[in-house]
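Can you build the whole structure from these sequences, using the hints too?
Line by line, the protein sequences give chains A and B.
Here the first sequence stands for residues 1 to 655, numbered as in this note's numbering.
Here the second sequence stands for residues 656 to 1310, numbered as in this note's numbering.
Keep in mind that the hints were calculated from the coordinates and are not lab data.
On a predicted model such as this, the values are computed, not experimentally measured, just so you know.
Just to be clear, a hint being listed does not mean it is correct.
If you anchor each label on the Cβ, the simulated ranges turn out as follows [to be verified]:
no., chain 1, residue 1, chain 2, residue 2, range
1, B, Val1217, A, Leu270, 44 to 50 Å
2, A, Gly384, B, Leu1213, 26 to 32 Å
3, B, Arg1202, A, Glu193, 43 to 49 Å
4, B, Met1024, A, Thr380, 32 to 38 Å
5, A, Leu558, B, Glu994, 28 to 34 Å
6, B, Arg1202, A, Leu59, 57 to 63 Å
7, B, Glu994, A, Gly613, 53 to 59 Å
8, B, Glu994, A, Ile20, 54 to 60 Å
9, B, Glu1190, A, Asp615, 27 to 33 Å
Cβ coordinates follow ideal geometry from the N, Cα and C atoms, glycine included.
In case you want the letters, here they are:
2 protein chains.
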Amino acid sequence: MQLYTVLFGAVAVGAAVVAILFMKIAAVAVTDAKAAKIAQAISRGAMTFLKEEYKVIALVVAVVASAIVYFLGSTPAIIFVVGSMFSMVPGFIGMCAATHANVRTTMEAKNRGEHAAFLMAFFGGGVMGFAVATFGLLGVAGIMYQFGGHKDIALYLTTFSLGASLVAFFARVSGGIYTKSADVGADLVGKIEAGIPEDDPRNPAVIADNVGDCVGDTAGMGADIYESYVGAMASTVILALTLYPDKPAYTTLPLVLAAIGMVSSALGLLSNLVLRFQPAAMLRNATYVAIAAFLGGVYWYLGYKGLPIPLFYAVAIGCIAGISIGLVTEYYTGGKPVERLAESCQTGAATNVIYGLALGMESVVLPVMMLGAAVLLAYTFGGGDLYGISLAAVGMLSTVGITMTVDAYGPIADNAGGISEMAGFGKPVRDITDKLDALGNTTAAIGKGFAIGSALMTALAMFAAYAEKAGLVELNVLDPWVMVGMFIGGSIPFWISALTMRSVGRAALAMVQEVRRQFKTIKGLMEGNAEPDYERCVQISTRASLREMILPGVLTVLSPVVVFVIFKEKALGGFLVGATISGVMLALFMANAGGAWDNAKKFIEAGALGGKGSDAHRAAVVGDTIGDPCKDTSGPALNILIKLMSVVALLLVSL
Amino acid sequence: MQLYTVLFGAVAVGAAVVAILFMKIAAVAVTDAKAAKIAQAISRGAMTFLKEEYKVIALVVAVVASAIVYFLGSTPAIIFVVGSMFSMVPGFIGMCAATHANVRTTMEAKNRGEHAAFLMAFFGGGVMGFAVATFGLLGVAGIMYQFGGHKDIALYLTTFSLGASLVAFFARVSGGIYTKSADVGADLVGKIEAGIPEDDPRNPAVIADNVGDCVGDTAGMGADIYESYVGAMASTVILALTLYPDKPAYTTLPLVLAAIGMVSSALGLLSNLVLRFQPAAMLRNATYVAIAAFLGGVYWYLGYKGLPIPLFYAVAIGCIAGISIGLVTEYYTGGKPVERLAESCQTGAATNVIYGLALGMESVVLPVMMLGAAVLLAYTFGGGDLYGISLAAVGMLSTVGITMTVDAYGPIADNAGGISEMAGFGKPVRDITDKLDALGNTTAAIGKGFAIGSALMTALAMFAAYAEKAGLVELNVLDPWVMVGMFIGGSIPFWISALTMRSVGRAALAMVQEVRRQFKTIKGLMEGNAEPDYERCVQISTRASLREMILPGVLTVLSPVVVFVIFKEKALGGFLVGATISGVMLALFMANAGGAWDNAKKFIEAGALGGKGSDAHRAAVVGDTIGDPCKDTSGPALNILIKLMSVVALLLVSL
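Put into structure tokens, the structure is as follows:
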């Protein structure tokens, strides 16, 4: 069979899944007027945000594209623009699906029960998951199809990746600031000051809060994973072109892996239509079916093509590492450590924060060692060069269709709960959505771990491609230029984290003031006789998040440029390594500390240690609030940072 | 003049300064019975702690010494034991002086006013400062004198350094846990629950708290700086032996620098006896006089010996880097950032913590860039090899006599305030000691920055010596073994920080329970009719801190051994680099975040934003409590960790 028939066939499978799932979602009617109205407000808020965000990103893209035209010519610039658009489209499609599926999940919970409701949220996530996979594979395969033998193919893949990375960075940062400013604003004033429950329709920030779940956890996460997917494929191709110029099967292998992954993901999804377990089992089942099918397919393909079987081990190691990191994350943000963290709340907020910081720090160790082992094993078994490491990254990401589906399921279930509360659907419905939402929290933790792990592997793959492209046969740490590059690189993630933490603080403050103002000035609001001005809160979050995303973005893009211009390519190599190491560790630290604080609070709210309203609960709320920007803004931003810097470096050596 | 005449002459100068200052301290009589009794309790507590600590350390030293005898023979083992004893003696002498000078500072404040009180605290610090310098130089010069031409001289210097490092690690960690468990215990129950002021004699933990200042801030800091001083000298000698085997002047240069630094420090001290400024000006003045004299002396010596003048630049760059980092630390823990942090307390504890974390993260950037610049400049100007970097480390540390004096001044002034409060000396005395104490907070911040900077430079010097000894002409990051070493190394500081943070939490909890118990069971305590059981609190802190120091110590010593045995010397090189980068950044982050929280609280307590008892103050107290283990336990432990791991690695390649 022709290579491109297979690749575009897999793209067609992905597109078909997206279309079918969308139709399945649309087939459910929203029969409740109030729920429909709320859902529309969330949808409108999310779409307004996306539109405004894309406007700002378009400007940045235009500036960068002009620079690329000037330095490299128009073809790479056009590919860059296409790359950035390809990154926006799945975000848009996924968001559309999520804002349709959320209210329909609520309706299904009301009319047809848990299983139907679960499937609706799962289908909503599936649109995002398969849209990411479809556009990623379409983009990279399309470039290979068009420019396969061209001398500038590496450059084209790099600019395509750069487009994806740039959009991803802004989507992650602005989405992260949006969701947390709205969340903190809604919680601090609504829950703590006014004493009304979560998702109460009297809270002016409640729509913004639900929009935030979509734009942060769905669109932001989607752009993050999309970028890893594209980056891993592109850098593996570039590496193969340099290392194995006369073995085309090595160059096309990452694309074939992605194609196999696409079909396997579809099988995983399908298995959930046939089988009928508990929701938690179904989510796990879908992933395991997909990975088993994927590995089987890869093994068959390598044999069929006569490629060395050790490459299979590299791919398998990537898969296993991805799952393992997710499980470690789940342990630290859900297991025994969280119970102990909750206990520390009994002596106040300070001890909760101290133990949470310690938990976050400790949680760095195991994943880093695992990733280290994966790198070493992939290198050793994958043929003894950097291609093996790169292939492990692709292996980890090939089943992105199903991984991202599971990720995107969470915020939809969360939204469904919000809508059922606001629409006043009562306890039985809320119980179902709460159960689905709790499950979403677990998948979110696993997803975060996976996102960090895949970001690291992708960054390493890009770094390997950079080193090859820059002609670095060695990058000697004993060379002080390399050493200093590592120092500077290591400090950048701290800087970006500081900036984004403060951004959330500032944006949340604006939100707090607005919510307070509405409670004070809108008469009859607390009694339920008047409606709050949801729109205004949505605007505040939108504007603040777009304003605050600029500086970190500029800093991330320009810092490798500055290092390259002043210190040259060896120092830049050191810079990338330093940034990757400190970036991954800070990302793990913040994601897991934040997740643990969140769940310790939920643990207490579920009735432990005095339950809601106890002193322990108050201490837990402080920890949760601190953890919010850590886990949903600053931490995730670092995933993209390490990839974006690497791809900028890769572009610089192409000049 | 003979080399060793100069070196031992400088040692004699240092010893003379120690003796003279001790006599000057002893010459002041303690005429107040109550103050004498309190001082005696503090002194007894500190000495008990040191004795118990030294017992445990002696055990560890015996185990390690046996291993050295087995693998390397008895001479290096004996030198190792001497090295560890040489590290304990200045701590002991300094502590003696501090516990004599504290009460005499109070007496001078009462009887003779601010200037005399300042000088007393300054002299107390001077004993520590010059004891550190004297024993450090005596040790290294003594080994060179005895074994100068011996083939194993590098090994002997390494085991001497290892002795210093091992003792320093335990002193830092146990001192840090001691001081913070006592502090948190005293504050949480005394200040917050019982509502009595700081240093109130009714608080059972008040003596332990004051002992903690001595054992943590004096003995712990002294051991830290002593280790940097010895380590920098030793590794520069080792490096010179390998790089310049036929240029003995390069080998002895670090020792001569230390000798010049000793005399210059004495001049700086002397200048304060002649001149008479405000306390703050005098502390600055002493440092600047010493550094100017030092640089002048070095310039003259290089010309006199016909050594290349560029070496002067390397030394000067080290000096400047040391001061600059101190000033950046002062800015972040005392300037505008702290005012803004205090403002964030108005919206509660959560925002205070978020902004404090952001501040700490941001504060990493500038010092790291400065140190990077220093490394690069020292390398470039110092002759284009690693010797230049190593020499910069020695330059930074040569005036340790005066730097450490200024550092050790702080806790004495702090103690003096505590004694004047407990002895009921009234407001005029307390005003003087408060002023001296506030000044001590500034010098403590600068000292912490200096300790981190010098630890980094020393670790780099040791790393350079390691690379030379291991015969690594290059340490290639593109080699996955090196890369994985960096990953693992980078994660260790997170692990150790997590362990030490939790240790403080556990020890503080034991203290809280004891203080609560005493308040409940001792009748008439609150009314001032009965005395609390100070002794019991001292015991709790002592035992807890000694118990908790073992695991981090074992982990730090064994992890490079494990990496070396499994992955060999290249991976160990990567491991050291990873640990150094992440260790320095975490240390800066924690030290500065903690310092800023502390000072934001003090800023509010001084009357800003509602002052004591306001909501903002309550939020600030939470931040301060979180910052305590960060800045005084976990952060400082990392300074030693990076040096201790490097020296263990250096020993491993000597096998």
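Q: Given the range 44 to 50 Å, decide if the beta-carbon distance of Val1217(B) to Leu270(A) lies inside it.
A: For Val1217(B) and Leu270(A) the Cβ distance comes to about 46 Å; the hint holds.
(Q) Given a hint of 53 to 59 Å, does the C-beta separation of Glu994(B) and Gly613(A) actually sit inside it? (A) violated, 35 Å
Q) Do the beta carbons of Met1024(B) and Thr380(A) sit within 32 to 38 Å of each other? A) Since the Cβ atoms of Met1024(B) and Thr380(A) sit about 37 Å apart, the hinted range of 32 to 38 Å holds.
**Q.** Leu558(A) paired with Glu994(B), Cβ distance criterion 28 to 34 Å
**A.** holds, 30 Å
(Q) Assuming the hint says 43 to 49 Å, is it satisfied by the Cβ distance from Arg1202(B) to Glu193(A) or not? (A) Holds, since Arg1202(B) and Glu193(A) (Cβ atoms, about 44 Å apart) stay within the stated range.
(Q) Does the beta carbon distance between Gly384(A) and Leu1213(B) stay inside 26 to 32 Å, or does it fall outside? (A) holds, 30 Å
(Q) Quick check: does the Cβ-Cβ distance between Arg1202(B) and Leu59(A) fall within 57 to 63 Å? (A) Holds - the Cβ-Cβ distance for Arg1202(B) and Leu59(A), about 59 Å, lies within 57 to 63 Å.
Q.
Taking the Cβ atom of Glu994(B) and the Cβ atom of Ile20(A), is their distance within the range 54 to 60 Å?
A. With Cβ atoms ~59 Å apart, the hint holds.
Q.
Is 27 to 33 Å respected by the C-beta to C-beta distance linking Glu1190(B) and Asp615(A)?
A. holds, 32 Å
The structure does not agree with numbered hint 7 stated previously, though it agrees with all others.
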